[in-house]
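Which chain is which? The protein sequence lines are E and Z, in order.
Reading the first sequence from the start, the letters are residues 1 to 389 in our numbering.
Reading the second sequence from the start, the letters are residues 1 to 453 in our numbering.
Think of the hints as simulated: they come from the structure by calculation, not from any bench.
Do not take every clue at face value.
As the list claims (entries may be wrong) - These stretches of chain E come out as covered by chain Z in the derived footprint (C-beta under 8 Å, 3 or more residues): (1) 69–83; (2) 102–111; (3) 151–163; (4) 199–209; (5) 233–241; (6) 248–255; (7) 375–388.
What you are looking at is a predicted structure, and each value in this text was computed from that prediction instead of being measured.
Here a beta-carbon is modelled for each residue, glycine too, at the ideal position from N, C-alpha and C.
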Amino acid sequence: MPPRMQSRSVSNTLLPYLTATSSYSSSLSSIPSLSSTSSQCLSRQFSATAAPQAQTKLRRQMFEWLNNEGSVFKHHVPGETNYLTRLKQRGNEGSESPRPFPNNQNFFSEPILSEELRNEVYNRVVEQKKSVRVVSVELGIDMKRIAAVVRLVELEKRQRAQGKPLALPYARAVHEMVPTTPLAEKGERQTYHEPINDLPAHPLTGSQIFYPVPESRSFNRVEAGRVFSGAPAMEHSEAAEISHPSDLAEKIMEDANSIGWVGKGANARQILQPADVRIPHPHLVALERDRLTHPNERLAVSDLQSKRLERQDAIEKERRERLQARREKKTTIVSPEDSRFDYRIKDTIYTTETTGVDGRGSKATGRRYGVPHRDRTRGEVKIPTRVEA
Amino acid sequence: MRNRASNTLSKGKIRQSWSKYNLYNMQRFRSPSTTNRTFFQQKWSAKAASRAYHGEQVREGQWKRMFNHRIRSVIPMNASDLAADDGSLVSSGRGSGLDKGGKPAYQKRPIPYTHMTFAPLERRLDVAIFRALFASSARQARQFVIHGAVTVNGQKMKHPSYLLNPGDLFQVDPDRVLYATGHTKTPYERRQGRLARRSAKEQRSEEAEAAQEAEDSKETAKEGTKEAEKEDTKETLKALLAQARSVMSAGKNTLAPQRKQELRGFQQAVRRVLSRSESSTVLADSLEAQFSQLTLLLKAKRSEKKPDKKDVKPRPEDAFATDKGDAAVASAKKDAEPAASDKLSEAFAQATLGNEVDASELSEEEFDTLKRALTQMRDNPLDNSKTYSTPWQPRQYMSAFAFIPRYLEVNQNICAAVYLRHPVARPGSAEVPTPFGESIATPAYGWYLRRRW
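Same shape as in the complex, but just chain Z (with noise of 0.2 Å):
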């Protein structure tokens, strides 16, 4: 199928994609004027705005044989008003109550029947993956199924049509969906990539060559495994300050501000170590034992809570804060930041120094944001070998477009979700997402209710 779904600006259509291209067209978008057009004229428009957005993957045929007159709706009912009333009250006298007080006030906003005309099409798996945020746009939704990195209850699906029924569960590939709604790579980040992906070819081969002839003296190998482990530590904690340098230095422009700070303050806080160490003349070597010193500390400290949590692996109660209590702390740590960094490095510089550190001294907030940043930053490393650039950011624009509808159930960790109904109206809101207002929702819902074909 060629793909049509182009955000051109002179058109000016609204697509089911996340591109800055399409913010605009939605915000200068204005419905069709009405004035000296017939209603066949009106209807037409109307369709073809609103098609270029729901669906424009599907055939109109197709679509045709999907649409149904008939919409969902619920009203949500009040239980201290069904217990108050069995219905006479409502329905005494002429058949509309007797007085305007007795009566329970029952929902008078209308609801929005029209709005719900392409419900059906929120069924398809493509829209889905798509509504859950697990890709930018409709077309990239139906490539991933295409390709084979979606799963419906465990199996792997590869048809973009097939309409979800209530209770399916639905899964992408993490790592499409963080190449989906994730920055691109600058043309360094691929160079890199390309390098690592060389260099690591290049070790492939050599241990091959090696292998053959390591195969005479096995017990001079299994040293050297040993050997390597300590390596592998002491390269993963390299790895992390790096890491935390090359994130300040190269997403300077594209880092969302707040957590620019966060990273910031933690950087600031290894510095002074760093310039501690130097003047007492450790070497580089020495970093590394104030890193593991430091999570040993970390260890030490988590362990009173929780003894079986010792692994290079995340947890998720460190790994994901919520929103609002990250964005509380980090707004408290802003007036807070210089003297923490300072009662921190003091803490670094003393477990350099083999004294125990008072753990007193050291709030419960202060031991949380510092392993909140080295959490995260072992949860979003930085790795060349991925698709997208790293550490992981969201892409620009995302947030305009991030909602997610109510017949949805979505676990981001996993990148799974559960389509719990069909969308369906209710007083006041309808729950298909459509950008377009009531003067394009109506007719476009009447183009349809006449059979053409």
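Isolated chain E (complex conformation) (with noise of 0.2 Å):
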């Protein structure tokens, strides 16, 4: 065997002897120190101070604050929430919705759904077929939440029956954590989950105009949307069809086409539509105006809603089937007996928006001359950017 350094700081004069046999080195009493405990010796030999024994003033101060003060935060109370702003929290600051994070006034822990107020959604949605805009005004709920719970619990329903593995005790302990939103007593009223009516800022609403209006002239919702995307103003006659723009709602709902177009080519776009139109539940503006000018006819205004609301639907209804059935039509499925795979097929098309100019667009399909592959190219992004649902 090889002579084996224990270390650099070692000299090769001591080599013969460190790695002579036991009986060898016990004769020599000279370096008895570095054969035996060489290892020991070694370790302190770069270091004059002694490592600290106790803890550093960090750590203690951290265990002291845990033991102390932060020991509330060890153990949650169901019920309530446990964050660190109860530290610092005044008597009458708790009528506001909790925050997580002491330095940020701006984050709130928000509500989450309770398991009855999910049953509930999954139970007006599924068994009693209530359209999903109908229970979002019903519970208070965004409509894709809906969408979502529906969603989850028919895939808890089908890991029950499988007898999948479920988390039961980790589902309880943070729903006793975290606010949640009950589901309303018989005969209350619903407690509302979230606003359901958000307007999403648009990018064109950013800048600032200076537009100058008469006085003498209205100047309203519709008239700033067509200001923002740089639009003419409407006509005398136009303008005057439109007593109130949720009008406008109503009529985009029944003929999508009816949205105006400003620019050319490329730059053609939509001209922005006032907030009546682009809200998640334009409905409710046309029954709230119904309600100004009916103060007296509860029951008339609630079925003419019912009916406004039937009629939206059907329309929605109708737009989706046309639009599986146009993609239908573009694509042929071909499902092979012993295959586990089916295949679509859609028609090439060949045109300059498919293939641009000269017929090398980047997005266009098939090999092309002159066309690097799309994985060639650089900087592409190789993991996946979607999944079928």
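Once you've looked at the hints, go ahead and assemble the two chains, each given alone in its own frame, into the complex.
Next comes the structure, spelled out in structure tokens:
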């Protein structure tokens, strides 16, 4: 066996003694410390001060805090939030929704749906066959959330039927820690879970525009939208037809192509519509207007509203079916008998829009001369950008 | 990738983690001072602090490419305000309304745009898993994805940097979630797990030997399985009781006080029955009889409402009681504890004697509490083969970090969540969870506004 070097600090002259057998080294009384306790010696060699035996100051402070002030965070109290802000909370601040971060005044821990409310949503949509829009208004839950809840409850039911493992104690604990929106008792009003009529801020409205208007003229949201998108003012006759911006909502619902365009070619964009059209529940504005005009005819107003909702649902359904039919018409599905796969075959369209003017458009189908494959181009992301549901 | 995301005390950085070090760091964090510092220095330190929290697992260049100066925001609209005014009231006169009185009260609170600087990172799969409370840190979430425990829309997704699209459903293996959010095992529990594994292995090898011998006589084996089934029910019942005992003895310091009370009340009731049965010289065998009797009783009671509910697997209705109702019941139970347990033990005793229990004596609520304790024990069993301490309890300091942002809809039972939409800012609040205030958020946004590469 070749001699092993124990440490760089050991000089070459000592090597034969160090690697010698124990009987030999024991006879050499001159270097017993190096051979027997060399490892202990060498570890201490470069450090003059002893290693700190106790905790560092920071560590000590941390455990002091954790054992005194911070001990309340160790376990939760069911039904209450337990955030850092409770340490500095004053008496009157409890009414606001809880904040998890003491430094951030603008982030709140919003309530989640309770188990009963979640099941109620599923019940109303799937079993009572109510439309998502109606359930959203009834319970004050965003339409996207309702769709997600139905999906998740469906998945949960399937997993239970299959006997897959569930995380029930975990779910229980989370619902104890986080604020929840409960399902209202029978006869009580359901508390709204979240605002349902959120208007997304359009980038066009970010700019400040100086637009002089005569004081005698009334300038409403429809006209403001046209100014923001750079469209010319409406004709007087056209403007006279619109008594309130929410009239446009119904018009657009009936015919989506009634929205005008500005610009040409690639710069063409639709005229910015008023808030009454762009909110998720435009029918609520119409309902409020009916209420204002007919304050004493509650039944008639609610009747009108239900008819309006039915009409809207019918139109949306028809549109969906039309789109589906068009999609199906474009593709032929071939499913061989003993195959695991379906083949969806689409006709390729070679026009200037799809392949570009020179026929080498980067997004066109198939291999084209002089166009490198997509995954060869620089900076191309190779991880999937979407997963089909 | 080397993990530099340690929660050091000397640096005092805030991380996306539920560690107690992080809690302490978050509690003592103060915004860096601005006096005698150039704008560059202020922005630099703000950027450094916020990047330590937001996507420290993402390279700086990668994040810079994701950054967008345009920030999504929404304004909640009131339908009655929109109906009352078509906008001409607000714009009348010289463009800002004629007088203060007639105008609807629009939201005046400022929108915290700069708190949304890191909104693009919230789209990442690993961050979303952390936000949905499925992992105790973004790093752990990342590991779950890489190790193949996460599916997106039903397909396995192995890229932590996958950017979720609105409507994507992601799901994590429930066992991993329980491991991430639960208590760690004690050395004793680990040892028990090892022993169980060893004995199971020995049993398996014995069975393999026995199977070779038993191939000749199949009829006897059939009888054997029947007996085994009986044994199985006995075993489960025995395990139930043993577990109730061990829960109270082992996890004394770790249990949440409310839960502790609940379990203790249940255990008292069972113990009383035990003492009675011992006095009447009924051995441990009758214990199972009591339990089976009890469960039979419960089932009979239940069957009036739901005839099909009769199995070993837990149902959601009783397995999951909501927090508030639960807390109310628990607090109500505190006062009526001894009386309720007395009645329960009487019912137990009568059941053992073979008498019919007078159902009117036991109120619905008492039945409920008993049933919940039973089902809870069944849902949350003592199982040393798991990677986390059983029965499952939330890990310490979890509640200080427990919140679910609005852009996610989470179903905790199956550990699945839907990414509804991109996070938005609204007047007075921003949806991106960030521990920093305006004095850090705005300089950090300013840092990325300028292109430096």
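Q.
Let me make sure I understand: some of the numbered hints might not hold for this structure. Which ones are they, in numerical order?
A. Of the numbered hints, 5, 6 do not hold.
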